[in-house]
Amino acid sequence: ETGVTQTPRHLVMGMTNKKSLKCEQHLGHNAMYWYKQSAKKPLELMFVYNFKEQTENNSVPSRFSPECPNSSHLFLHLHTLQPEDSALYLCASSPRLAGVSGGELFFGEGSRLTVL
Amino acid sequence: EDQVTQSPEALRLQEGESSSLNCSYTVSGLRGLFWYRQDPGKGPEFLFTLYSAGEEKEKERLKATLTKKESFLHITAPKPEDSATYLCAVQGTTDSWGKFQFGAGTQVVVTP
Chain Y
6 ETGVTQTPRH
16 LVMGMTNKKS
26 LKCEQHLGHN
36 AMYWYKQSAK
46 KPLELMFVYN
56 FKEQTENNSV
66 PSRFSPECPN
76 SSHLFLHLHT
86 LQPEDSALYL
96 CASSPRLAGV
106 SGGELFFGEG
116 SRLTVL
Chain F
49 EDQVTQSPEA
59 LRLQEGESSS
69 LNCSYTVSGL
79 RGLFWYRQDP
89 GKGPEFLFTL
99 YSAGEEKEKE
109 RLKATLTKKE
119 SFLHITAPKP
129 EDSATYLCAV
139 QGTTDSWGKF
149 QFGAGTQVVV
159 TP
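Quick mapping for you: the protein sequence lines, in order, are chains Y and F.
Our numbering runs 5 ahead of the 1-based position in the first sequence.
Our numbering runs 48 ahead of the 1-based position in the second sequence.
Read the hints as simulated data drawn from the structure, not as lab findings.
Yeah, the Cβ is synthetic: ideal placement off N, Cα and C, and Gly gets one too.
There is no bait here: all hints are sound.
With a straight-line Cα cutoff of 30 Å, these simulated DSSO-like cross-link-like pairs (lysine-lysine) come out:
(1) Y:K24 / F:K90
(2) Y:K41 / F:K111
(3) Y:K45 / F:K116
(4) F:K111 / Y:K45
(5) Y:K46 / Y:K57
(6) Y:K24 / F:K147
(7) F:K90 / Y:K23
(8) Y:K57 / F:K147
(9) F:K117 / F:K147
(10) Y:K46 / F:K116
Footprint (simulated), chain Y over chain F, 3 or more residues, beta carbon under 8 Å:
(11) 88 to 102
(12) 141 to 149
Below, a sample of chain Y positions facing chain F; criterion: calculated Cβ distance under 7 Å:
(13) P47
(14) L48
(15) V53
(16) E61
(17) L95
(18) L102
(19) A103
(20) G104
(21) V105
(22) G107
(23) G108
(24) E109
(25) F112
(26) G113
(27) E114
(28) G115
In isolation and in its complexed conformation, chain F is listed as follows:
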């Protein structure tokens, strides 16, 4: 069964203080790894899809990277508006289409 572990559970950053979030996964074969952002009281919002080790995707201050066992979400020079819970999910090659395994998320707070 697919497993996804995110760390740390919570992260408090000063504005401008770069950091990384970790998503470790166990799947029989990776079909895709997905990052989402969730603001309080809202549904998750899609950020990135990564398919193979070595792949990188960027969006504004966020950069996602992928290895064979984990993914990192790097936040460069964060701003208060980057405060959110970041969710990681995987789909393995033996999973049904439409089925993801989500991690519990990392709650990020960026203070001015």
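Chain Y extracted, bound-state conformation:
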């Protein structure tokens, strides 16, 4: 079983659809993250959760709505997206908030989102 699993791997949606991305980690970590990766641009932090509590919202538009029901699961609910939201969405986890003890983030393979 891979450490961090993301589903679906690919998603195509229209601007009026509502969909969700799911992330599950099997590493016993307490912190989870959503990142956005666009071509030729740096990884962009979206949200951070620590022990299920949101600790960071990096000025993300409200059409992205995160949910963290427990330390092992993280969702990103999507609605009324724009074509410029098309990107690779990466989930990551770490034992504690990254930087507290080391900087290792464990990433999933990502969900490739295309908004038509």
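Fit chain F to the supplied structure of chain Y, relying on the hints for placement.
Frame of chain Y; chain F shown alone:
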């Protein structure tokens, strides 16, 4: 605000041809600098953490070094399996725990 600039954007090497990647950073105070490797279609994979100027870390053909303004990732005698995008990230002392600033990466292609 933290800034990270990686150069070059892309690098093509012959197998065995050593080279270096650069990561220049601007932070109010460095808490840590991190190197990751990302293969196509995969998420980034952690390589190293560096905390203070003068520090060095090694892993197989990779060696990371740190100064007060930049970090280098040296690839010695690369093999085709070293082909990947290498990402640098920093966390400053004024950043929230859990928050990194990533660079855009250097795409490395090693040909046989």
